[in-house]
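In order, the protein sequence lines correspond to chains A, B, C, D and E.
Counting in the working numbering, the first sequence runs from 69 upward without gaps.
Counting in the working numbering, the second sequence runs from 69 upward without gaps.
Counting in the working numbering, the third sequence runs from 1045 upward without gaps.
Counting in the working numbering, the fourth sequence runs from 1045 upward without gaps.
Counting in the working numbering, the fifth sequence runs from 231 upward without gaps.
These are computed hints drawn from the structure, not numbers from a lab.
Be aware that a few hints might be false.
Unchecked claim - Simulated crosslink set (SDA-like; lysine to any residue; CA at most 20 Å straight-line):
{"#": "1", "chain 1": "B", "residue 1": "Lys190", "chain 2": "C", "residue 2": "Phe1092"}
{"#": "2", "chain 1": "B", "residue 1": "Lys190", "chain 2": "C", "residue 2": "Pro1116"}
{"#": "3", "chain 1": "B", "residue 1": "Lys294", "chain 2": "C", "residue 2": "Arg1212"}
Spelled out from the first residue to the last, the chains are:
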Amino acid sequence: MSFLSPEEWTAVLLSLKVATVAVAASLPFGIGVALLLARSRLPGMWLLNALVHLPLILPPVVTGYALLLSFGRKGPIGGFLHDVFGLVFAFRWTGAALAAAVMGFPLMVRAIRLAIEAVDPKLEQAAATLGASRIAVFATVTLPLILPGVLAGAILAFAKAMGEFGATITFVSNIPGQTQTLPSAIYSFLQIPGGELQAARLAGVSVVVALGAVLISEGVARRVAKRIGGA
Amino acid sequence: MSFLSPEEWTAVLLSLKVATVAVAASLPFGIGVALLLARSRLPGMWLLNALVHLPLILPPVVTGYALLLSFGRKGPIGGFLHDVFGLVFAFRWTGAALAAAVMGFPLMVRAIRLAIEAVDPKLEQAAATLGASRIAVFATVTLPLILPGVLAGAILAFAKAMGEFGATITFVSNIPGQTQTLPSAIYSFLQIPGGELQAARLAGVSVVVALGAVLISEGVARRVAKRIGGA
Amino acid sequence: MMLEVSLTHDFGSFAVDVAFTAPAGVTALFGASGAGKTTVINAVAGLFRPTQGRVVAQGEVLLDTGRGVNLPARRRRVGYVFQEPRLFPHLSVRSNLLYGARFAPKAAPGPGFDQVIEMLGIGALLERRPGALSGGEKARVSIGRALLSKPRLLLMDEPLAALDAARREEILPFIERLRDAGLPVLYVSHSIGEVARLASTVVLLDAGRVLAAGPAAEVLSDPALAARLGGAEAGTVLAATVGETAPDGLVRLDTAAGPVWVAEPPGAPGTRLRLRLHASDVILARARPEGLSALNILPGIVERIEPEPGGRAFVRLRMGREAVLARLTQRSVTALGLAPGVACHAVLKTVAVSRDDLGAG
Amino acid sequence: MMLEVSLTHDFGSFAVDVAFTAPAGVTALFGASGAGKTTVINAVAGLFRPTQGRVVAQGEVLLDTGRGVNLPARRRRVGYVFQEPRLFPHLSVRSNLLYGARFAPKAAPGPGFDQVIEMLGIGALLERRPGALSGGEKARVSIGRALLSKPRLLLMDEPLAALDAARREEILPFIERLRDAGLPVLYVSHSIGEVARLASTVVLLDAGRVLAAGPAAEVLSDPALAARLGGAEAGTVLAATVGETAPDGLVRLDTAAGPVWVAEPPGAPGTRLRLRLHASDVILARARPEGLSALNILPGIVERIEPEPGGRAFVRLRMGREAVLARLTQRSVTALGLAPGVACHAVLKTVAVSRDDLGAG
Amino acid sequence: DPVIFAAASMKTALDEIATEFAAETGTKPVISYAGSSALAKQIDAGAPADMFISASVAWMDDVEKAGMVLPDSRKDLLGNTLVLISDSEAPVDLPKLPEVLGDHKLAMALVDSVPAGQYGKAALTFMGLWDKVEPQVAQADNVRAALALVATGEAPYGIVYKTDAAAEPKVHVVATFPEGSHKPITYPAALIKDGPAPAEAKAFLDYLGTPKAAAIFEAQGFEVK
Ligand SMILES: Nc1ncnc2c1ncn2[C@@H]1O[C@H](COP(=O)(O)OP(=O)(O)OP(=O)(O)O)[C@@H](O)[C@H]1O
Ligand SMILES: Nc1ncnc2c1ncn2[C@@H]1O[C@H](COP(=O)(O)OP(=O)(O)OP(=O)(O)O)[C@@H](O)[C@H]1O
Ligand SMILES: [Mg+2]
Ligand SMILES: [Mg+2]
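Can you make the complete structure from the sequences, with help from the hints?
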């Protein structure tokens, strides 16, 4: 694609990678947290709920800065993860994925939670009388039934990840080939005189790529929903 | 509250106003668009779907810039609205609300749509056999049944509106008392060396206010859901 | 014709091809599970659009795929009691019941709220949500909801299946009264008793096709169909008029076949009734038997003998205008020397006529 | 005791206070709509935790609120046929049916897949989703799903309510066989016929309380309860052994009350059966009647006469070890001069004994 | 390859210089453009950067105070000029700005936190105009956004850097703020400790001082110091 410079091409691929990894890695947590929020009667749930909403409520820059302070090389969590697991987020694409995952998490959790709350507990009871353990009930009844919600959550988070910029650039900077995602690249162009056209061009690419992914997943979700609906 | 300067206090109130108006004004559209996306078989629906996702996929600055170009005083829509209805968005809190509404729209629509897709069409059929028109079916059956989803969507959009910054400042800039919302104020502090503490203080305020609102609406939503569930 | 239904549709794994017409009164759809009863009712209600079909109710064309007519469900004004209750979960029982009334024309006739909740015994449930009701309670509320929508046509898909006999006994006369007030009813049931009692017309469905359709008395007393209806359930329906009440409380019903004494209070003298005689309840004797507890002994002439597998036979006894079906063993047929033209007596216990067997005429 | 249930709970608008024990076999829960049957079953299944309660099945304590025992539903291994089908909408019929099998111990006994789908007639539906099934088809799949989970206890809440007589006739013997193989069954039904045929124990519920509980023969032939069970349905259950088959196909059943000829093929000679005689089907005569199509004439002595409203009476006839209940008009009681100690004959038509009245012993 | 953290407004010039540098030396600097504040915080948090070019003296001071700057490597690289822009061409006499403005908006970057805004506020204060125009100031989060407000006609006037104004055909420089009215606009650059490629970074910093680089900077409107 000569329409894009090699550097931009890299940014496109990186964005896709970051968004995909962010969604894939956060999905299990998203489902787990949604389950807890929808079902658990433990007293601390409101706190978890609050925590999940934070990235939505705070300006992205703040979230990015908080990530930098905690997951940075010198941060408490970042230092620990680095020393113990050799995991480094700071200024790596993994960090961009982390930022994207965090920013998309409230959206993902909310969609999944909504779906969980809509599941008819009578079906889960039926599964229990048939001998299914809690885990089996979840895997064979709840999960398939909330699949449209899980997909919706994943789509939202993916779209968000493709557009995330504030937290990412604050956390992992804007290093071409490393952490420069499409939105960061767009931002760069918007910061220079006469960069608007370039920015618009990249925005167009972003729209095509991200929307393509979103619309395709929509199609999948629709088919899944239909399959469950019967016929 | 002497903890906050009068100017900051204004920003807090403004943020609440902007977020509330943004959610309230966009909710009918959100429900309408969600209905179309969930139910309509018209060929152009994928385009509407794409459009709704745009603010999520594009960096907020781009969205803000797009709003400026279209809803600005000289923009095609902005000019029309101004000439015909006397509606002005530029540099007004209404513009901040518009930006917040646009940014929260994908989240709102998705939650509502998910809820609509979960409604049992058999209940709507039953209402139809009892003589209810389409509108009556919607008002008396569909809407009450999707209320948890509508509330979830509203909560998401509200939280997003409380945190929205990129599109808002690009579109209506930062005029204390008019368009300076909490996130703008927080951002300002982060731009000066040593401003972190002040930023953290305001972020704390934002978290308390926004989370308070979110958790209260959650409680309401839970009660609604319970009421529908029976007992 | 009050109701004219024809439809063809192919579900892939199942094809429907049904056509029947029915006069005023209750039309019963009878057939095994999966025969297509609900499919037909859905087409009448406007919830299912068959590939080809035509539905005319009381002269109004509700559906005519050929002419592109398809009245939406909301305009058909049918009161549909669904096979599963389908109550609105977010509304109280009261709001569920009143749901249809506000959409009905104010002047439309229909039973009153108090009357309906009284008859259904749901007065104590009005403020509850459907989620807190038992299965039978849901079914009753669902019946009430349909009745209170002031329908022009009542569609009932096994409305009493979840109810006990006593409750059924309270609802059936109500449906009879609605029928007698001129409300056409399309009624699905697996109970021949209910069908015999309510239906003027019976449509027998089998695997998506009409096996038999016609006046209830004819279809139900057809010896050839008896086995399919469940031999044990076969029987005849006699037109009867309530006569005198004896001092001991028994009531005489006058039929063309002779008087029948029953113990159930069937209404004021002169009331016209439908009396169902189970073929299995009828005993035959050549000579008029004496000293039996059975009070009803009707003379007749053997008209036709239809052998049945299992050493049994259906014997049709002609009694003037009417005919009575008896189900006996072949051994008795031989022992009594029964053959067409032979005179004999049908013996019937008074108590064998239960409330269930007396329908308003 | 196979099953021991006691529970008290207050729903606010409704209170349950139930206690009963039942031996092996089928225990029928009988009662009007809203009596609390489903509530009791849910407590046994572990889906409802009463304020106070104790459930012991086959010696295992499933619930004991006093001792804080509450085995979760998944460990109770009950096969629960819910009142509404509750099929998994996202799974094919086949997967629904096989759902429970994978969680059951491999060695556990239970009917085979082919046998069950054959018996339920759902072979053609296996690849469909529940959404594309008729009401009765769903009900059948739901029965199959419970049976195939290899339960130690079967809970059936009106399992046959949505089915036609023919299909019911195919399923009942299957449940009888399971019962006879030692599977305890808690069975809710509004049909006395089903209850009389299947149940060894009947628990009669009314408004959340136990009205009567005990052996089926006793509860069902109790003249005092007859009205509550629906007078038309009252009757006696006799223990019978299959005897010779006559050349005309009729089969003699030997009972302590005397031989009863029936037309239904009840099994090989020597098979032990339960024979239900409807009180309304029994005719009494002082002298042994001759020339009647009714083949069964059993001598007995009037034991007790219980008047019933509507000019009727229940007469209990003692016949050796057994007793037979007859329902007559008071007029006949007077005309025949019936009184305790009077000898008379019970006349019963062979065809009055339908397949429905013969249960495996 | 050396990693350069540079203020976003320098992208055009710096990209060009980096390309030249790569052609000459074979080393391609990797440049991360973001706001000076974000970059400074990242460096403080241990970012793997070799060099920092800040649009603000304050943020370079911050990094230096944090001990991240390689001693003696800091130098003032560039300067810029503050101008008043408008969507019309008519020149404006700065002291008359409040009257010219009327009740219209004056677009600026955030006056308390973003350098261009701070310089602008200082200049207006120096000229005794701030109090009069303050209610009319619409603050954008950066200079480019302020420029966009003027370019789209939302605000008739704005205060931006000369470098920004030069590239936008829809706006015209209608006045230039006098040199003494605000602190000199300076873009300091410095090498950062513990970077991945210190030698190459040093070479690039030196290269930025060459006439070739200076020509590119000047073509963008910067003043080379
Ligand atoms: N959550 C609840 N709150 C209040 N009342 C309840 C609740 N659940 C059940 N009930 C009431 O308890 C009573 C018994 O209910 P249950 O479902 O056990 O009846 P049932 O005997 O199974 O009746 P049916 O034959 O109609 O299914 C009913 O009157 C019902 O309304
Ligand atoms: N969407 C569908 N796809 C395939 N088959 C269907 C579909 N809907 C219904 N059927 C089949 O059509 C047949 C008739 O269904 P219908 O619901 O009319 O039966 P019914 O007579 O009401 O039976 P029941 O007494 O069990 O309720 C059934 O065999 C059913 O499986
Ligand atoms: Mg049906
Ligand atoms: Mg029940």
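Exercise. Given the hint that Lys294 of chain B pairs with Arg1212 of chain C, does the C-alpha gap stay at or below 20 Å?
Worked result: Not OK: Lys294 of chain B and Arg1212 of chain C at ~33 Å, beyond 20 Å, violated.
For this session: Quickly compare the C-alpha distance for Lys190 of chain B and Pro1116 of chain C to 20 Å and report which way the hint goes.
Result: 15 Å, holds
Problem set entry | 20 Å limit on alpha-carbon distance, applied to hinted pair Lys190 of chain B and Phe1092 of chain C | 12 Å, holds
Taken one by one, the earlier hints fail for this structure only at number 3.
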